[in-house]
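Chemist: Residue-level listing of the chains:
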Amino acid sequence: MRRIARSLARNRPALLALGLLVAIVLTCCIGPALTGHAPERIYPDLVRIAPGLAPHPRPETVVPALEGLAFRMRASVSDVIVRDGHVRFVLTAPAPIDARVLTYLPRSDLFGPAQILAREAEGRRLVVTAPVLARTFLLGTDGLGRDLLTRTLVAGRVSLVIGLVATGVALAIGLTYGAVAGYAGGRIDAAMMRLVDVLYALPFVFFVIMLLVFFEAGLGLILVAIGAVEWLDMARMVRAQTLSLRQRDFIRAAEALGLSSATILARHIVPNTLGPVVVAATLLVPKVILLESFLSFLGLGVQEPETSWGALIAEGARALESAPWMLAAPAAFLVATLLSLNILGDALGQALDPRRDSR
Amino acid sequence: MTAPDPYRRRCLAGLAALALVRPARAAPAGLYRRGNDADPGTLDPHRASTTAEAHILRDLYEGLLTYDNHGRLIPGVAEAWTVSPDGLTYTFTLRATARWSNGDPVVADDFVFALSRILDPALGAKYAEVLFPIRGARAVARGEAAADTLAVTAPSPRTLIITLAQPTPYFLELLTHFVALPVHPATVRRWGDAFTRPGNLVSNGAYVLRDVVPNDRVLVERNPHFHAAAEVAIPSVAFLPTPDLASAVRRYAGGEIDSLADLPGDQMASLKARFGGQVVLGPSLGLYALAFDLRRPPFDDVRVRRALSLVIDREFLAERLWGGTMAPAYSLCPPGLEHYRPSPELAGRDSLPIDREDEARSLLAQAGFGPGGRPLTVKYRFNTSDNNRNTAVAIAEMWRGIGVTTRFTYTDAKTHFAYLRDGRPFEVARVSWIADYADPQNFLFLLQGDNDTLNPGHYANPAYDALMRAAAAETDLARRADLLFRAETLALADLPWIPVMHTRSKALISPRLSGYHPNLRNAAPTRFLRLAP
Amino acid sequence: MIGFILRRLLQAIPTLLAVVTVSFFLIRLAPGGPFDLERPLAPAAMAQLRKTYGFDQPLGMQFVHYLGALARGDFGPSFSFRDVSVGELLARGLPVSMTIGGLALVLALGLGLGLGVGAALRPAGLLDRMVGLGAGLGLAVPTFVVAPLLQIVFGLGLRWLPLGGWESGAPSHLVLPVLTLALPQAAILARLTRVSLRETLSLPHIRTQRAMGLPAHRIVRHALRAGLLPVTAILGSTAASLLTGSVVVETLFGLPGLGRYFVDGALNRDYTLVMGTVVLVAVFVVVLNLVADVLCALLDPRLRLSP
Chain L
1 MRRIARSLAR
11 NRPALLALGL
21 LVAIVLTCCI
31 GPALTGHAPE
41 RIYPDLVRIA
51 PGLAPHPRPE
61 TVVPALEGLA
71 FRMRASVSDV
81 IVRDGHVRFV
91 LTAPAPIDAR
101 VLTYLPRSDL
111 FGPAQILARE
121 AEGRRLVVTA
131 PVLARTFLLG
141 TDGLGRDLLT
151 RTLVAGRVSL
161 VIGLVATGVA
171 LAIGLTYGAV
181 AGYAGGRIDA
191 AMMRLVDVLY
201 ALPFVFFVIM
211 LLVFFEAGLG
221 LILVAIGAVE
231 WLDMARMVRA
241 QTLSLRQRDF
251 IRAAEALGLS
261 SATILARHIV
271 PNTLGPVVVA
281 ATLLVPKVIL
291 LESFLSFLGL
301 GVQEPETSWG
311 ALIAEGARAL
321 ESAPWMLAAP
331 AAFLVATLLS
341 LNILGDALGQ
351 ALDPRRDSR
Chain W
1 MTAPDPYRRR
11 CLAGLAALAL
21 VRPARAAPAG
31 LYRRGNDADP
41 GTLDPHRAST
51 TAEAHILRDL
61 YEGLLTYDNH
71 GRLIPGVAEA
81 WTVSPDGLTY
91 TFTLRATARW
101 SNGDPVVADD
111 FVFALSRILD
121 PALGAKYAEV
131 LFPIRGARAV
141 ARGEAAADTL
151 AVTAPSPRTL
161 IITLAQPTPY
171 FLELLTHFVA
181 LPVHPATVRR
191 WGDAFTRPGN
201 LVSNGAYVLR
211 DVVPNDRVLV
221 ERNPHFHAAA
231 EVAIPSVAFL
241 PTPDLASAVR
251 RYAGGEIDSL
261 ADLPGDQMAS
271 LKARFGGQVV
281 LGPSLGLYAL
291 AFDLRRPPFD
301 DVRVRRALSL
311 VIDREFLAER
321 LWGGTMAPAY
331 SLCPPGLEHY
341 RPSPELAGRD
351 SLPIDREDEA
361 RSLLAQAGFG
371 PGGRPLTVKY
381 RFNTSDNNRN
391 TAVAIAEMWR
401 GIGVTTRFTY
411 TDAKTHFAYL
421 RDGRPFEVAR
431 VSWIADYADP
441 QNFLFLLQGD
451 NDTLNPGHYA
461 NPAYDALMRA
471 AAAETDLARR
481 ADLLFRAETL
491 ALADLPWIPV
501 MHTRSKALIS
511 PRLSGYHPNL
521 RNAAPTRFLR
531 LAP
Chain H
1 MIGFILRRLL
11 QAIPTLLAVV
21 TVSFFLIRLA
31 PGGPFDLERP
41 LAPAAMAQLR
51 KTYGFDQPLG
61 MQFVHYLGAL
71 ARGDFGPSFS
81 FRDVSVGELL
91 ARGLPVSMTI
101 GGLALVLALG
111 LGLGLGVGAA
121 LRPAGLLDRM
131 VGLGAGLGLA
141 VPTFVVAPLL
151 QIVFGLGLRW
161 LPLGGWESGA
171 PSHLVLPVLT
181 LALPQAAILA
191 RLTRVSLRET
201 LSLPHIRTQR
211 AMGLPAHRIV
221 RHALRAGLLP
231 VTAILGSTAA
241 SLLTGSVVVE
251 TLFGLPGLGR
261 YFVDGALNRD
271 YTLVMGTVVL
281 VAVFVVVLNL
291 VADVLCALLD
301 PRLRLSP
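Residue numbers (the UniProt record's numbering), protein chains in the order written: chain L, 1 to 359; chain W, 1 to 533; chain H, 1 to 307.
Bound conformation, chain L alone (with noise of 0.2 Å):
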């Protein structure tokens, strides 16, 4: 283990990657938090807004939004100031206007609680002031007004996940699923085996799909789905390893001390297996978030009110042209994520390779 960790310490990429890994991920576990925005919540006045620094509702875009609103309580405005973050702006209808209607100003995502100043022309004319709120989305916002950075972390979590526990079942299958046919043999061993090349020989796009289908889809399923087509890797490299594990000494001296099958398989075959495994793991990990965002594109990917990275990226993807933030941001993570693993992966295979001691 020390070992291990001194390789990975002279490894400065690598030291980089796993730091870069870890701040993504506490970036997206406390991120959310902290923007400011809740993730589901829509923002209807200020869809496909660029990403900046700058507060929302810009300077110029007040009049309009103002033009729009009193469309909706049938009155028309003019003489906007905008001042020391206040507006102020009188109102005019042909007939009295209704005070209730000034609460679309604070519902409207760009203003405060209204007050009436003056009230001329029997009601006809309100002079109206009200605070311009002030939101900024860091990183823009999406088709339905959603702050992305928030978003972007939140799905983080989700495909975070997507890819440690896929991976996990697809180990957890591959590894017993490969001790016991490398280390059971003959018969069984080839049996096994051919069931192996049956699922490789089934395209496994469609094997999701299907999953997918089937049940009724949700995050779980796709866990399981992409778990299900990517043990088979796993399963060959173990039965590999274990048919040469099978040979050496100290598993014919503990089968001759009378060790039950279970016995041998769970405490001298699998724990000799793992350093391949875990180097095949880590970099099982940036696959599935990869296969995930193509079920995405497909649109069979994670579904509202959750979000992935995949998903953010597939639907960026189609708005390239017209809004790119909605693609960079979450691509910038996923990329920065998957080169980590696989920097961090090539270095831990690199570390655990035994040949390594003989230097």
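A few of these clues could be false.
Per label pair, the in silico range of CB-to-CB distance [unchecked claim]:
| # | chain 1 | residue 1 | chain 2 | residue 2 | range |
| --- | --- | --- | --- | --- | --- |
| 1 | W | His-458 | H | Leu-158 | 53 to 63 Å |
| 2 | W | Glu-144 | L | Ala-191 | 23 to 33 Å |
| 3 | L | Cys-29 | H | Leu-158 | 41 to 51 Å |
| 4 | W | Asp-68 | H | Val-291 | 55 to 65 Å |
| 5 | L | Arg-100 | W | Asp-422 | 43 to 53 Å |
| 6 | W | His-458 | H | Ala-47 | 19 to 29 Å |
| 7 | L | Pro-64 | H | Phe-25 | 30 to 40 Å |
| 8 | L | Pro-59 | W | Gly-276 | 25 to 35 Å |
| 9 | H | Leu-67 | L | Ala-256 | 47 to 57 Å |
| 10 | W | Ala-473 | H | Glu-38 | 26 to 36 Å |
| 11 | L | Pro-64 | W | Ile-354 | 19 to 29 Å |
| 12 | W | His-458 | L | Arg-100 | 38 to 48 Å |
| 13 | W | Asn-451 | H | Phe-25 | 30 to 40 Å |
To be clear about the criterion: a stretch of chain L counts as covered by chain W if any three or more of its residues have a C-beta under 8 Å from a C-beta of chain W, and this derived list gives those stretches [stated by the list, open to error]:
| # | stretch |
| --- | --- |
| 14 | 39-48 |
| 15 | 301-307 |
No lab work stands behind these hints: they were computed from the structure.
For clarity, every value in this text was computed on a predicted model and none was experimentally measured.
For glycine and all other residues, C-beta sits at the position ideal for the given N, C-alpha and C.
Given chain L's structure and the hints, the job is docking chains W and H onto it.
Modeler: Chains W and H only, in chain L's frame:
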């Protein structure tokens, strides 16, 4: 150990080759590359079912009547017709110049053959019921009567007589539908199901089939035997399926497609900014609605349905979410229908949203929900697509404003349709309907109690059914319109479906292409279009 | 060797049979059917269609009929393309997918092996780092992001290349799809080559050769034989997935290949079309894996060809 040089050279050579490749952007002269939202499943008009097929079939075949590029009914194979005073017998005189693409004349018997063919139950036609107004059609299609009992006769090669079961004001319009298109009897008899293949297909429209590559293109060329061939300006058309709209728009921008028949609704603002007047929106005959399962409490309570309907901000959905490619709907029938008057509207269109919310809250409270009562949770079932999902999310957010919690059940399209068809229980489901003809009957019949396939929520109101039956028997158009109006008013009061939006046609039309006019029928026959070089 | 190949081919028959069985029942048991449209059919029409296609028979009978037809090379009629048979659809889609996939395979092999070898020769050199990063990126960016980016840069920006369409395989129409398809595979191959060749180069006998001052190209040639083994081992499944089409590339570039039949077929419940593509892909996987195994054996004679 040096970098292998030959390898680098190969790289450079590859790059050079890349730069040398000239794009095959400029189409062969006179080829109209027409984007079509999907690949046709068949070119047999009697088996067809999609709008994408309808566009191609309209170019290949000509019915007794047809549409021009404004969606107006114009004579097709029939040059004249008379209707008996009781509105039941139509007598058509066929053009002497009507020809099949192999030169054969189009005769009245061809139509007798075609109508008998589509109504033959053995063919398994999906849309045969559109022709049920013809006397005997229903019985023939159900296999209860022989084909010769169909009231379609050809006393002479140029005379065709069709008798109806009851007066049908939209009957002439039905004759433009693909179900009423003729097929060439000799070719069908000779080739059987293979008659639609390039080389076999004989058609009577402005164009004739040249080539089909599934998922790639359907290529048609001007039919020299067409009676108005001299006025057909575009020599050939390639119908290109565009399954991914974003990439189709890119290909359009790159000049590889001359027109698109569908656009990504969520990109409309940017499309309008980029392409300006090339974005053409028009009316169409579709409804996007939410159906309630009326067998399930609390959705059997009209107050709950009305409350849920009141707070849906249709303008936001239509304008912001769908970018104006939908129109807010306050009625079942879209505007602009024939033989009708302006539809009745849901109450509250003009009232203030805050008043609507207050009313919704009080309706829910009367039904026993909300503060002091039970919380209301709605399961919203829809088939997954970007637009459906965004619509569902936005509607859920509107319902949240009156304390209603929404859960989504999303499935792929086939599962969704099969689920509703099987009459299985749901709470709220997305439904949509594209009409076959511009008559209110084609929308209102959906909610008839005996309509077991298209009425998934099992709405059954005897008063409504009685009004629909009375309208069907009424020959006076104004009185019929009144009856239908009363039926729609009743449906809007009962609200078994919440009308949310009416669909609009949306297209990108290259400046090179002229003659395209958006219309309710979504008809743009290529024979009336022109393509500048 | 010949005996080995024959035995493997014989073993493939039960594998394929199992694949056909599993997928037949999977797709048949899925909810909905090919005739469930947005607008439901009249019950009479539905019943007639089911009768025409034999869906009214017990599922087991239908399976037997399907197997019988399949044995005669008949894939049946397609439900979503009613004017053509599944056999014809496959026959028209396969050349498209194989052209694009084949070119992508060649490009990926060239790029992947070239860059991987270059990187392994100078560990921690500039090329090594670039390849490491490039391969990481290639693996991390989804295809459906790469494709529109390429379309925008080369099609709309530079206007060098068409954005889509097949045009009977005109070379300019192949460039972007092939690139899109090849890049991630090249990344995988480059990474694998780099790692495995580097390991081989650090083996004692190679180090001895180096110390003895053998010319670099001879050492590399030596090391390549062993270093390419892991690459060859995955080549079978890589080739199979490339040659049988990619739904993303075909949808975004508007190509009439096999990949779309697969997904569209499954979503449309076009039973026969799905079965046809599944069978075809399974055959490709089995055969190409066999080829890869034989290649491995040729590269390393010590490897026993185990069944």
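Chemist: Against this structure, judge whether each hint is valid.
Modeler: A quick look at each hint next to the structure:
As the Cβ distance of W/His-458 to H/Leu-158 is approximately 58 Å, the hint placing it in 53 to 63 Å holds. The supplied range of 23 to 33 Å is broken by W/Glu-144 and L/Ala-191, whose beta-carbon atoms lie about 57 Å from each other. Here the CB-CB span from L/Cys-29 to H/Leu-158 is close to 42 Å, well matched to the stated 41 to 51 Å. Range check, W/Asp-68 to H/Val-291: about 60 Å between beta-carbon atoms, so the 55 to 65 Å window is met.
Range check, L/Arg-100 to W/Asp-422: Cβ separation about 47 Å, and the 43 to 53 Å hint holds. W/His-458 and H/Ala-47 have their C-beta atoms about 21 Å apart, which keeps the hinted 19 to 29 Å range intact. For L/Pro-64 and H/Phe-25, the Cβ-Cβ distance of about 59 Å falls outside the hinted range of 30 to 40 Å, so the restraint is violated. Roughly 28 Å separates the CB atoms of L/Pro-59 and W/Gly-276, a value that falls within the hinted 25 to 35 Å.
A C-beta distance of roughly 50 Å is found between H/Leu-67 and L/Ala-256, which places it inside the suggested range of 47 to 57 Å. Restraint check, W/Ala-473 to H/Glu-38: a C-beta distance of roughly 30 Å satisfies the suggested window 26 to 36 Å. Our hint of 19 to 29 Å for L/Pro-64 and W/Ile-354 holds, since their Cβ atoms are close to 22 Å apart. A C-beta distance of roughly 40 Å is found between W/His-458 and L/Arg-100, which places it inside the suggested range of 38 to 48 Å.
Taking the beta carbon of each, W/Asn-451 and H/Phe-25 are about 34 Å apart, inside 30 to 40 Å as hinted. For a cut-off of 8 Å, the count of residues in the stretch 39-48 of chain L with a CB near a CB of chain W stands at 5, and the three-residue condition holds. With 3 residues having a beta carbon nearer than 8 Å to a beta carbon of chain W, the stretch 301-307 of chain L meets the requirement of three or more and the stated coverage holds.
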